[in-house]
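A.B. asks: Heads up: the protein sequence lines correspond to chains V and R, in order.
Take 1 as the starting number for the first sequence in the working numbering and just add one per residue.
Take 1001 as the starting number for the second sequence in the working numbering and just add one per residue.
It should be emphasised that the hints constitute simulated quantities derived from the structure, not laboratory data.
Quick reminder that beta carbons are idealized off the backbone N, C-alpha and C, glycines included.
Each hint should be verified, as a subset may be incorrect.
Claimed, not checked - Covered by chain V, per the in silico footprint, the following chain R stretches (three or more residues, Cβ under 8 Å):
hint : segment
1    : 1038 to 1047
2    : 1096 to 1107
3    : 1186 to 1193
4    : 1296 to 1307
Stated by the list, open to error - Below, computed lysine-lysine pairings styled on DSS-like, alpha-carbon distance capped at 30 Å:
hint : chain 1 : residue 1 : chain 2 : residue 2
5    : R       : LYS1129   : R       : LYS1174
6    : V       : LYS103    : R       : LYS1276
7    : V       : LYS103    : R       : LYS1188
Claimed, not checked - To give an idea of the chain V side of the interface with chain R (calculated C-beta under 10 Å), a few residues:
hint : residue
8    : MET90
9    : PRO96
10   : SER111
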Amino acid sequence: MPVVAGKELRIVGFLCNWCSYGGADTAGVSRFKQPTDLRIIRVPCSGRVDPLFVVKSLLNGADGVLVAGCHPNDCHYSEGNFYARRRLEMLKQFLPYMGIDAKRFHYTWVSASEGARWQQVVSDFTKQVHGLGPLHRKEEASD
Amino acid sequence: MTIERLKEIVHKVLPDVDVVIGYRQGFDALHATPFFITKPEEVDELIWGPLCVHNLAAYLPSLTKNKKIAVIVKGCDSRTVNQYLQENLINRENTVIIGIPCSGVISVKKVLKGLGDQPIEAVSGDGDKITVTTSQGDKALSLSEVSPDKCRTCQYPTPLIYDHLAGDPISPDKPAESVYDDVREFEKLSLGERWHYWETELSRCIRCYACRNACPMCICQDKCIAESRDPHWMTQRLNGTEKLMYHMIHALHLAGRCVECEECTRVCPVEIPVAKIKKKINMEMAELFGYKAGVGVEDTPPMFTFKVDEEKIEEHEL
């Protein structure tokens, strides 16, 4: 789907199957209005999200990346999101060192019942990425 | 003399092991090269000094499965051994560690630069100076001037783990709090300046993978996702995105594992400060989890574990 010129940005969302994907579904079923910049990729668990997924997305066309999983202590696989938290925090602090704004990447916890919270997260994150504008990638233009 | 004690130790352990890994003179007076000793008469070729720059511990994972290996390690290299033990990558029973307290090595690149890349005829060293002879005459260089960055903030001149120690322990004389000063200094730049810095530095990268091949903690080697077609993480295109992606892979796979031996920077043919990328993550690991790779044998690398309540990680607000 082409990006609506000048209006939409590309935001990739990695959502855990058990909580956040359900949360997004709840938000949809409840007909909460959400920005359409986000493209969702469903993963079995936030622990499945390799920090390199985020880097690869950002370097290859995404303007923002959102990772969402079950709240700590509520992981379907007991401990996947605890590992995710350490990895993603490491990445969050590392990205600005390489010159990528940490605001382009966000990770958070949304449960399956929190449709309203999901709407809030998506709206706020999209607004934040819009504030930064498209991620500058001069290299790709000349490639 | 350290070298005499070292030879004595090697003679003593050689009958019990398949090979002793040390250093000998390389193709010219400035270069040392790894040396695999299997016979007693070879021991005399062994050398030790500021030219012995390689991290020999990197040979261990591929060899200790079915051979008994003795390896000579400096203080910084000993962290590699500890990290291997933490990650269960080597067999301790098949490993004999000969430690050498080290007062600093040279960076061959910096010496050659100081000489204007002249062919080397002879090198002599005394204490904190080395004198290099070329066809243009002698040139004295102070060791602190040509030392690699890791020596300038060295916290572990004496090996942290050893079975035999050749020489007397040396205590660190560099302040522990200034180890990451260069990272903090770099972070004072704006985001755009940092992006531009890495864009410029990494534009030289030829993706020869020397940094990965030399890295003691890059244990996937021929299964590296930088070269794999399935999964296909990277293309063969020669552009900045792929170069940055490769270095991101290297850095993130070393998160909480990099032992700061700076082999990556040493071997880089186009002089990219590769270790500087990893140093930032090491600083994070120290701040977030109080962890330094390869310091204790019993530690667990921070990405291999978790705490239900992380003291230092706070939820990010939008």
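A.B. asks: Take the hints in turn and mark each one as holding or not.
C.D. replies: Evaluated hints:
With 0 residues having a beta carbon nearer than 8 Å to a beta carbon of chain V, the segment 1038 to 1047 of chain R misses the requirement of three or more and the stated coverage is violated. Beta-carbon proximity to chain V at under 8 Å applies to 0 residues in the segment 1096 to 1107 of chain R; the threshold of 3 is not reached and the given coverage is violated. Judged by the Cβ-Cβ criterion of 8 Å, the segment 1186 to 1193 of chain R is covered by chain V as claimed, because 5 of its residues qualify and three suffice. Counting residues of the segment 1296 to 1307 of chain R whose CB lies closer than 8 Å to any CB of chain V gives 4, so the stated coverage by that chain holds, three being the minimum.
Our distance criterion of 30 Å between C-alpha atoms is met by LYS1129(R) and LYS1174(R), whose separation comes to about 19 Å. Simply put, LYS103(V) and LYS1276(R) have alpha-carbon atoms about 23 Å apart, close enough for the 30 Å limit, and the pair holds. Restraint check for LYS103(V) and LYS1188(R): satisfied, since their Cα atoms lie roughly 18 Å apart, inside the 30 Å limit. Nearest Cβ of chain R to the Cβ of MET90(V): about 5 Å, under the 10 Å cut. The hint holds.
Here the hint on PRO96(V) is kept, as its CB sits about 6 Å from the closest CB of chain R, short of 10 Å. The criterion of a C-beta within 10 Å of any C-beta in chain R is not met by SER111(V), whose closest approach is roughly 14 Å, and the hint is violated.
This entry does not satisfy hints 1, 2, 10, going by the numbered hints stated previously.
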